[in-house]
Amino acid sequence: MRWYDALAMAWKGRGRFGLSAGLFLLGSALGVTLAGGRTMALEKEKSQPWELQVSVEEFSEEDLAAICAVEGVIDVTPVYEIPLELAVGACTQEITVYGVRGEYLQKNMLDGELFSGGDTASYLVINRAAWMAFQDATGKTVAADALPDWRQSAVWLRSGGSGDEEEEETDNGAQFPARICGICLEGETPEAYMDVERAKQLLLSRGETPTPSRLLVRITNAGTQEAVSEALASLGASAENTDEESMISWRQRGMENGYMAVLSLVCFLAAVSLLHLRIRYGRAGWQRENEALEAAGMAKGVYGRIGVLSVGLYVVVWAAVGVCAGLLFCQLCREAGHTCFFLS
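Numbering (my numbering), first residue to last: 3 to 346.
Treat the hints with care, since some could be wrong.
[Claimed, not checked] Straight line, CA to CA, 27 Å or less: simulated DSSO-like cross-link-like pairs of lysine-lysine:
hint : residue 1 : residue 2
1    : K142      : K46
2    : K142      : K48
3    : K109      : K202
[Claimed, not checked] Quick list of the computed label-pair ranges, beta carbon to beta carbon:
hint : residue 1 : residue 2 : range
4    : A92       : E45       : 25 to 31 Å
5    : Q50       : A139      : 40 to 46 Å
6    : T140      : Q50       : 42 to 48 Å
Read the hints as simulated data drawn from the structure, not as lab findings. These numbers were taken from a predicted model, which means no experiment stands behind them. Where is the CB? At the ideal position from N, CA and C, for every residue including glycine.
Based on the sequences and whatever the hints tell you, model everything.
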């Protein structure tokens with residue numbers, strides 16, 4: 003018998019194994035694909051750089067160097083917080099300016115660019131929430147498209163009082179010229195970022211002692227958090243997680259993936275059991291077909307091989323449908339931004 007005739011007979015015979023086993027095979031393949039795809043996505047997220055917040059009362063450049071030398075630490079920056087009034091043209095808002103090292107920032111930019119650590123002017127990066135929070139003289143929020151062009155408009159940082167835009171004093175209640183160099187995407191709370199050295203100069207000009215509110219430490223990934231925290235504790239620094247919500251989400255997604263894998267195994271065992279029962283109870287009928295075909299001239303053993311091929315096609319077809327459905331579902335969820343299906 004030619005191979006394609008045997009394949010055709012095997013394909014026609016796939017229906018004898020019923021629908022229920024195929025559905026369980028589909029569910030098993032779907033679950034394995036989903037669990038595998040989500041696990042890979044989860045591990046990819048966990049492998050990204052992570053951030054710790056370190057509380058310190060006093061620190062020196064030697065302390066920063068010691069923290070940078072800890073295994074697993076990529077970068078570190080002090081953070082200086084300065085509450086100011088930001089004015090673009092006639093539009094103003096109260097905002098917290100964070101003084102950080104320009105090299106530390108890693109922001110997704112909506113427009114413009116990040117400042118560098120070597121900038122001598124008061125360059126600012128603000129987030130989109132800040133750009134949409136400006137108010138006019140009557141206190142009404144100004145639409146983003148109605149704001150002056152931030153690349154060309156006068157920008158002022160006011161440390162208190164209204165002041166006149168022509169004055170550039172350095173005492174309390176004064177205002178300081180600045181320049182917005184970019185707008186970033188991150189953050190729902192209005193924030194602005196300035197180079198750490200400029201922030202220290204601004205604090206000194208206001209008569210304040212430059213004292214960082216905290217240190218931000220970037221580490222290789224979330225998995226190194228515990229080891230790095232212990233190493234920082236030995237240096238006298240107390241580290242805290244800056245994104246506990248992500249850790250909770252990861253745990254939830256890990257549990258979901260485990261449930262899905264167990265359910266896939268149950269479906270697979272059910273499919274195998276149903277196939278076994280089908281083959282067992284259908285064996286007598288198939289034996290009669292085999293005898294009839296051999297009497298008609300079919301070579302001995304060919305019918306058995308066709309039966310095995312039929313089982314293989316049955317399993318492959320249903321599993322392929324499940325895998326394709328799982329891949330499509332993973333892609334749709336990735337595009338929609340969903341992370342947790344059941345526990346969120």
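Practice task
Check each numbered hint against the structure and report the violated ones by number, ascending.
Solution key: The structure breaks hints 1, 2, 4; every other hint is satisfied.
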